Amino acid sequence: MSKQPQEKPRKLRTPYKFKSAIDLQEKIDEYFGYCEEYNQVPNIMGMAVYLNVSSETLLNYEKNKSGKRPTYARIVKEAKEKIVSYKVQKLYNSRNATGVIFDLKVNHGWQDKQVIEQDLTVKGIEDLLRTKRDIEVWV
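Numbering (my numbering), first residue to last: 32 to 170.
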């Protein structure tokens with residue numbers, strides 16, 4: 032009995048949901064218009080639902096690992112920046128901004144920054160010995 036070489040399983044790729052970058056841009060613009068009309072705050076998940084794709088698909092468009100659709104990456108990045116802009120405006124216009132701050136930290140990489148300044152001087156051995164002698168004189 033001779034063994035036949037086994038074929039490697041091929042990865043199935045799903046086709047792009049949008050036929051062109053123009054279709055994607057139009058649908059994203061439509062989403063922002065919908066948000067404005069119904070007084071909704073735009074967000075990544077809401078945009079994914081509106082576009083009828085997963086948030087993972089949007090992330091894949093943005094990363095553009097295949098290199099085939101760089102325009103998709105630019106469009107999604109711009110949409111995400113527009114979403115952050117809406118949230119920042121809401122932050123400035125809100126009396127209770129805790130939720131907006133939380134969202135910006137969790138979903139958009141914002142973080143509290145704490146700056147600690149430290150002045151450290153290293154003394155030579157002579158200074159340390161002199162200090163020790165001064166202390167012994169006072170004791």
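Keep in mind that a hint or two might mislead.
Stated by the list, open to error - FRET-style restraints, in silico, Cβ to Cβ:
#1 Ser86 - Ile147: 31 to 39 Å
#2 Glu148 - Glu87: 21 to 29 Å
#3 Gln149 - Glu57: 48 to 56 Å
#4 Ile132 - Asp60: 52 to 60 Å
#5 Lys144 - Leu90: 22 to 30 Å
#6 Glu148 - Ile53: 29 to 37 Å
#7 Glu148 - Tyr65: 41 to 49 Å
#8 Thr102 - Gln149: 41 to 49 Å
#9 Phe133 - Asn70: 33 to 41 Å
#10 Gln145 - Ser86: 12 to 20 Å
#11 Lys96 - Lys50: 15 to 23 Å
#12 Glu148 - Lys108: 33 to 41 Å
Claimed, not checked - As a list, the in silico BS3-like pairs of lysine-lysine whose alpha-carbon atoms are at most 27 Å apart:
#13 Lys108 - Lys58
#14 Lys58 - Lys96
#15 Lys50 - Lys121
#16 Lys108 - Lys121
It should be emphasised that the hints constitute simulated quantities derived from the structure, not laboratory data. Note that this is a predicted model, so its numbers are computed, not measured. The beta-carbon is built from N, C-alpha and C at its ideal position, and this holds for glycine as well.
Results of checking the hints against the structure:
no.	hint	in the structure
1	Ser86 - Ile147: 31 to 39 Å	36 Å, holds
2	Glu148 - Glu87: 21 to 29 Å	42 Å, violated
3	Gln149 - Glu57: 48 to 56 Å	54 Å, holds
4	Ile132 - Asp60: 52 to 60 Å	28 Å, violated
5	Lys144 - Leu90: 22 to 30 Å	26 Å, holds
6	Glu148 - Ile53: 29 to 37 Å	51 Å, violated
7	Glu148 - Tyr65: 41 to 49 Å	48 Å, holds
8	Thr102 - Gln149: 41 to 49 Å	47 Å, holds
9	Phe133 - Asn70: 33 to 41 Å	21 Å, violated
10	Gln145 - Ser86: 12 to 20 Å	31 Å, violated
11	Lys96 - Lys50: 15 to 23 Å	20 Å, holds
12	Glu148 - Lys108: 33 to 41 Å	35 Å, holds
13	Lys108 - Lys58	15 Å, holds
14	Lys58 - Lys96	22 Å, holds
15	Lys50 - Lys121	34 Å, violated
16	Lys108 - Lys121	20 Å, holds
Violation of the numbered hints given earlier is confined to hints 2, 4, 6, 9, 10, 15; the remaining hints are satisfied by the structure.
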